[in-house]
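S.K.: Letter by letter, the chains look like this.
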Amino acid sequence: MAYSDKVVDHYQNPRNVGTLPKDDPNVGTGLVGAPECGDVMRLQMKINPETQVIEEAKFKTFGCGSAIASSSLATEWVKGKTVQEALAISNTDIVRELSLPPVKIHCSVLAEDAIKAAISDWKKKKEASTPAASAQPAD
Amino acid sequence: MAIKLPIYMDNHATTPVDPRVVETMLPYFQEKFGNAASRNHSFGWTAEEAVENARAQIARLINATPKEIIFTSGATESNNLAIKGAAEMYREKGNHIITQVTEHKAVLDTCKRLEKYGYEVTYLPVSKDGRIDLDDLRRAITPKTILITTMYANNEIGVVQPIQEIGKIAKEKGVLFHTDGVQAAGKIPVDVQKDNIDMVSLSAHKIYGPKGCGALYVRRRNPRVQLSAQIDGGGHERGMRSGTLNVPGIVGFGKAAELCQNEMAEESARLRALRDRLKDAIFAKLDEVYINGSMTHRLPHNINISFAFVEGESLLMGINDVAVSSGSACTSATLEPSYVLKALGVGEDLAHTSIRFGLGRFNTQEEVDYVTSRVIEVVQRLRELSPLYEMAKEGVDLSKMNWSASASTEH
Numbered sequence: 001m002a003y004s005d006k007v008v009d010h011y012q013n014p015r016n017v018g019t020l021p022k023d024d025p026n027v028g029t030g031l032v033g034a035p036e037c038g039d040v041m042r043l044q045m046k047i048n049p050e051t052q053v054i055e056e057a058k059f060k061t062f063g064c065g066s067a068i069a070s071s072s073l074a075t076e077w078v079k080g081k082t083v084q085e086a087l088a089i090s091n092t093d094i095v096r097e098l099s100l101p102p103v104k105i106h107c108s109v110l111a112e113d114a115i116k117a118a119i120s121d122w123k124k125k126k127e128a129s130t131p132a133a134s135a136q137p138a139d
Numbered sequence: 140m141a142i143k144l145p146i147y148m149d150n151h152a153t154t155p156v157d158p159r160v161v162e163t164m165l166p167y168f169q170e171k172f173g174n175a176a177s178r179n180h181s182f183g184w185t186a187e188e189a190v191e192n193a194r195a196q197i198a199r200l201i202n203a204t205p206k207e208i209i210f211t212s213g214a215t216e217s218n219n220l221a222i223k224g225a226a227e228m229y230r231e232k233g234n235h236i237i238t239q240v241t242e243h244k245a246v247l248d249t250c251k252r253l254e255k256y257g258y259e260v261t262y263l264p265v266s267k268d269g270r271i272d273l274d275d276l277r278r279a280i281t282p283k284t285i286l287i288t289t290m291y292a293n294n295e296i297g298v299v300q301p302i303q304e305i306g307k308i309a310k311e312k313g314v315l316f317h318t319d320g321v322q323a324a325g326k327i328p329v330d331v332q333k334d335n336i337d338m339v340s341l342s343a344h345k346i347y348g349p350k351g352c353g354a355l356y357v358r359r360r361n362p363r364v365q366l367s368a369q370i371d372g373g374g375h376e377r378g379m380r381s382g383t384l385n386v387p388g389i390v391g392f393g394k395a396a397e398l399c400q401n402e403m404a405e406e407s408a409r410l411r412a413l414r415d416r417l418k419d420a421i422f423a424k425l426d427e428v429y430i431n432g433s434m435t436h437r438l439p440h441n442i443n444i445s446f447a448f449v450e451g452e453s454l455l456m457g458i459n460d461v462a463v464s465s466g467s468a469c470t471s472a473t474l475e476p477s478y479v480l481k482a483l484g485v486g487e488d489l490a491h492t493s494i495r496f497g498l499g500r501f502n503t504q505e506e507v508d509y510v511t512s513r514v515i516e517v518v519q520r521l522r523e524l525s526p527l528y529e530m531a532k533e534g535v536d537l538s539k540m541n542w543s544a545s546a547s548t549e550h
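Residue numbers (the numbering used here), protein chains in the order written: chain A, 1 to 139; chain B, 140 to 550.
What the hints contain is simulated information worked out from the structure, not anything from laboratory work. In this text, a Cβ means the ideal position worked out from N, Cα and C, and glycines have one as well. Hints may contain errors.
Claimed, not checked - Derived DSBU-like pairs: lysine-lysine, alpha-carbon spacing no greater than 30 Å straight-line:
{"#": "1", "chain 1": "B", "residue 1": "539", "chain 2": "A", "residue 2": "46"}
{"#": "2", "chain 1": "A", "residue 1": "125", "chain 2": "B", "residue 2": "539"}
{"#": "3", "chain 1": "B", "residue 1": "350", "chain 2": "B", "residue 2": "424"}
{"#": "4", "chain 1": "B", "residue 1": "267", "chain 2": "B", "residue 2": "310"}
{"#": "5", "chain 1": "A", "residue 1": "46", "chain 2": "A", "residue 2": "79"}
{"#": "6", "chain 1": "B", "residue 1": "424", "chain 2": "A", "residue 2": "58"}
{"#": "7", "chain 1": "B", "residue 1": "232", "chain 2": "B", "residue 2": "307"}
{"#": "8", "chain 1": "B", "residue 1": "206", "chain 2": "B", "residue 2": "481"}
{"#": "9", "chain 1": "B", "residue 1": "310", "chain 2": "A", "residue 2": "46"}
{"#": "10", "chain 1": "B", "residue 1": "307", "chain 2": "A", "residue 2": "124"}
{"#": "11", "chain 1": "B", "residue 1": "206", "chain 2": "B", "residue 2": "310"}
{"#": "12", "chain 1": "B", "residue 1": "532", "chain 2": "A", "residue 2": "58"}
{"#": "13", "chain 1": "B", "residue 1": "255", "chain 2": "A", "residue 2": "123"}
{"#": "14", "chain 1": "B", "residue 1": "223", "chain 2": "B", "residue 2": "143"}
{"#": "15", "chain 1": "A", "residue 1": "124", "chain 2": "B", "residue 2": "312"}
{"#": "16", "chain 1": "B", "residue 1": "206", "chain 2": "A", "residue 2": "125"}
{"#": "17", "chain 1": "A", "residue 1": "116", "chain 2": "B", "residue 2": "267"}
{"#": "18", "chain 1": "B", "residue 1": "539", "chain 2": "A", "residue 2": "123"}
{"#": "19", "chain 1": "B", "residue 1": "171", "chain 2": "B", "residue 2": "350"}
{"#": "20", "chain 1": "B", "residue 1": "143", "chain 2": "B", "residue 2": "539"}
{"#": "21", "chain 1": "B", "residue 1": "171", "chain 2": "B", "residue 2": "481"}
{"#": "22", "chain 1": "A", "residue 1": "116", "chain 2": "A", "residue 2": "6"}
{"#": "23", "chain 1": "B", "residue 1": "481", "chain 2": "A", "residue 2": "58"}
{"#": "24", "chain 1": "B", "residue 1": "267", "chain 2": "B", "residue 2": "333"}
{"#": "25", "chain 1": "B", "residue 1": "532", "chain 2": "A", "residue 2": "22"}
{"#": "26", "chain 1": "A", "residue 1": "79", "chain 2": "B", "residue 2": "424"}
{"#": "27", "chain 1": "B", "residue 1": "539", "chain 2": "B", "residue 2": "223"}
{"#": "28", "chain 1": "A", "residue 1": "126", "chain 2": "B", "residue 2": "539"}
{"#": "29", "chain 1": "B", "residue 1": "424", "chain 2": "B", "residue 2": "283"}
{"#": "30", "chain 1": "A", "residue 1": "6", "chain 2": "B", "residue 2": "350"}
{"#": "31", "chain 1": "B", "residue 1": "251", "chain 2": "B", "residue 2": "350"}
{"#": "32", "chain 1": "A", "residue 1": "125", "chain 2": "A", "residue 2": "46"}
{"#": "33", "chain 1": "A", "residue 1": "79", "chain 2": "A", "residue 2": "123"}
{"#": "34", "chain 1": "B", "residue 1": "350", "chain 2": "A", "residue 2": "116"}
{"#": "35", "chain 1": "A", "residue 1": "22", "chain 2": "B", "residue 2": "333"}
Unchecked claim - Rough simulated footprint, nothing fancy, chain A against chain B, three-plus residues with beta-carbon under 8 Å:
{"#": "36", "region": "339-349"}
{"#": "37", "region": "405-412"}
{"#": "38", "region": "484-491"}
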């Protein structure tokens, strides 16, 4: 199977590989896929609670070259975007950008799922911490 | 010595034709182009003589007699002919066939078709080492059993079945025994007398001969095996396989068999040493690597390794100047990981990370060292990228994780 140049580039030079502290209240973690299916993506974002801007994004992926490229591209795209803008990224955008063949479309779906899962994790954390914050005595 | 890239290390899929084989074949395309079935002129006689010579060379490789070799288009046809031909011929005796789960699709799918026609097929399981249990086999035999078909050695994991014992059981019970010998013949000793084999499927292109040429050994004495032809026509090959013989292919097949026989002892020792060198270097440098299948009962030139937490296709992509293959779903048309590894009880997570190395006649030590270092380098790089490796290192039990089985993963 021939890979597109962009897939090869992301595979060889993956952007934003790494790990953010998952207990940081401003970090959202999305872990999607399953080892039995041959694809697991972990996408993490550090989101500014004031501006809702994604300031940092990191990923690690177990999967084929297209899965690695899809998640690498996702980190590039979400960085600097607001949460709202990131949620608008669709798997078809990824398919188009990386010229993924039909058998690899599930890689792009997984990347979209990973973005949504990371944001939802961050939102959950925020909601959990909000009542605690309001319980603080006011000055 | 400079290494020529890409390196071919997928010799279970096919092998390059040995230059000595090509040379033997060449005259049979033009000057000696006759039809081996032409009985009344020298063109035919020359072709026939060449075919008979090849028949003898192939027979010698497996300790058979020349008349017991039936030429076919390849081992897929041989497997079809052996199984369907015997099933049809011995239908009155019974309708039960025994095979096992790690067979090649040419055997499994042939058996499945026969099931549609009213035959009953037992698919014996294999243990973790990839071999069938002889007691399972004994128990599976019924008065209706007409055929046992088990491969000699597996194409993915190189595991060699207890052929001699199976042959003995088959003989005791009066059941025919066919073996798909494609991966074994020419590589390790295959002896139809010692092993009590009634039929063996052979292929030229797995032994440095040309593609499109195979054979089926069909025992003529003790017992005399009869088969219903699956291709009707001029009655070639003792009526078992009609069609004009592929004379250049057969000549090449014969030469290839002869070379394999002459060089087997030395060559299998050389490949075993290279294979072990590759395995030992990988195990010395990488943790969390697992061999699939028995190391004791295994072809000398095969190794199949799972590199945990690194998906097979991504590994192949990283070593793109090396031709090997993977049991990962992503490399197959079906998006299912290897059924062979599954049959061994290898989890799907590890099946996705497996790589098959098939060494061959033209691989050198320099090539093996190059492949080894590339594999180690790429596995290390991809593990840096693998969330699973990181989690495993942190002590997370991945099998206990509640994986979000996303609908998108197509399972």
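S.K.: Would you mind marking each hint as holding or not holding in the structure?
M.R.: Each hint tested on the structure:
Of the pairs offered as hints, the one joining residue 539 of chain B and residue 46 of chain A holds, with about 27 Å between alpha carbons and a cut-off of 30 Å not exceeded. Among the hinted pairs, residue 125 of chain A with residue 539 of chain B is consistent with the structure: their alpha-carbon atoms are about 23 Å apart, no more than 30 Å. With a C-alpha separation of about 38 Å, the suggested pair residue 350 of chain B and residue 424 of chain B falls outside the 30 Å cut-off, and the hint is violated. Of the pairs offered as hints, the one joining residue 267 of chain B and residue 310 of chain B holds, with about 27 Å between alpha carbons and a cut-off of 30 Å not exceeded.
For the proposed pair residue 46 of chain A and residue 79 of chain A, the alpha carbon gap of about 9 Å is at most 30 Å, so the pair holds. Annotation: proposed proximity of residue 424 of chain B to residue 58 of chain A holds, straight-line Cα distance about 28 Å (limit 30 Å). Pair hint residue 232 of chain B plus residue 307 of chain B holds up; C-alpha atoms about 20 Å apart against a cutoff of 30 Å. Straight-line distance between C-alpha atoms of residue 206 of chain B and residue 481 of chain B comes to about 40 Å, which puts the hinted pair past the 30 Å bound.
Taken as a hint, the residue 310 of chain B and residue 46 of chain A pair is broken in the structure, with Cα atoms around 71 Å apart against an allowance of 30 Å. For the hint linking residue 307 of chain B to residue 124 of chain A, the alpha-carbon distance of about 67 Å lies beyond 30 Å, and the restraint is violated. Pair hint residue 206 of chain B plus residue 310 of chain B holds up; C-alpha atoms about 22 Å apart against a cutoff of 30 Å. Only pairs whose Cα atoms come within 30 Å are accepted, and residue 532 of chain B paired with residue 58 of chain A is accepted, the gap being roughly 19 Å.
Between residue 255 of chain B and residue 123 of chain A, the direct Cα distance comes to roughly 56 Å. Violation of the 30 Å bound is thereby established for this hinted pair. A C-alpha spacing of about 44 Å is found between residue 223 of chain B and residue 143 of chain B, which places the hinted pair above 30 Å, so the restraint is violated. Between residue 124 of chain A and residue 312 of chain B the CA atoms are separated by roughly 68 Å; this puts the pair beyond 30 Å, and the hint is violated. With a C-alpha separation of about 78 Å, the suggested pair residue 206 of chain B and residue 125 of chain A falls outside the 30 Å cut-off, and the hint is violated.
Restraint check for residue 116 of chain A and residue 267 of chain B: not satisfied, since their Cα atoms lie roughly 40 Å apart, outside the 30 Å limit. At roughly 26 Å between alpha-carbon atoms, residue 539 of chain B and residue 123 of chain A fall within 30 Å of each other, so this suggested pair holds. For a cut-off of 30 Å, the pair hint linking residue 171 of chain B to residue 350 of chain B stands: about 20 Å separates their Cα positions. Taking the CA atoms of residue 143 of chain B and residue 539 of chain B, the gap is about 46 Å. The hint is violated against a cut of 30 Å.
The suggested pairing of residue 171 of chain B with residue 481 of chain B is violated, with an alpha-carbon distance near 49 Å, which exceeds 30 Å. About 23 Å separates the Cα atoms of residue 116 of chain A and residue 6 of chain A, which keeps this hinted pair within 30 Å; it holds. A distance of roughly 34 Å separates the Cα atoms of residue 481 of chain B and residue 58 of chain A; the hinted pair therefore is violated under the 30 Å criterion. Under the criterion of a C-alpha separation no larger than 30 Å, the hint pairing residue 267 of chain B with residue 333 of chain B is consistent with the structure, at around 27 Å.
Between residue 532 of chain B and residue 22 of chain A the CA atoms are separated by roughly 16 Å; this keeps the pair inside 30 Å, and the hint holds. For the hint linking residue 79 of chain A to residue 424 of chain B, the alpha-carbon distance of about 36 Å lies beyond 30 Å, and the restraint is violated. Between residue 539 of chain B and residue 223 of chain B, the direct Cα distance comes to roughly 46 Å. Violation of the 30 Å bound is thereby established for this hinted pair. The hinted pair formed by residue 126 of chain A and residue 539 of chain B meets the criterion: a straight-line CA distance of about 27 Å does not exceed 30 Å.
Note on residue 424 of chain B and residue 283 of chain B: the hinted pairing is violated, with a Cα-Cα distance of about 53 Å set against a maximum of 30 Å. A C-alpha spacing of about 37 Å is found between residue 6 of chain A and residue 350 of chain B, which places the hinted pair above 30 Å, so the restraint is violated. Only pairs whose Cα atoms come within 30 Å are accepted, and residue 251 of chain B paired with residue 350 of chain B is accepted, the gap being roughly 26 Å. Pair hint residue 125 of chain A plus residue 46 of chain A holds up; C-alpha atoms about 12 Å apart against a cutoff of 30 Å.
About 17 Å separates the Cα atoms of residue 79 of chain A and residue 123 of chain A, which keeps this hinted pair within 30 Å; it holds. For the hint pairing residue 350 of chain B with residue 116 of chain A, the CA-to-CA distance comes to about 51 Å; that exceeds 30 Å, so the pair is violated. For the hint linking residue 22 of chain A to residue 333 of chain B, the alpha-carbon distance of about 64 Å lies beyond 30 Å, and the restraint is violated. Requiring three or more residues with a Cβ within less than 8 Å of a Cβ of chain A, the coverage given for the region 339-349 of chain B is violated, as only 0 such residues are present.
Coverage of the region 405-412 of chain B by chain A is violated in this model, with 0 residues showing a Cβ closer than 8 Å to a Cβ of that chain against a need of three. Residues of the region 484-491 of chain B lying with their CB closer than 8 Å to a CB of chain A number 4, which satisfies the three-residue condition for coverage.
Hint check: violations occur at hints 3, 8, 9, 10, 13, 14, 15, 16, 17, 20, 21, 23, 26, 27, 29, 30, 34, 35, 36, 37; the rest are consistent with the structure.
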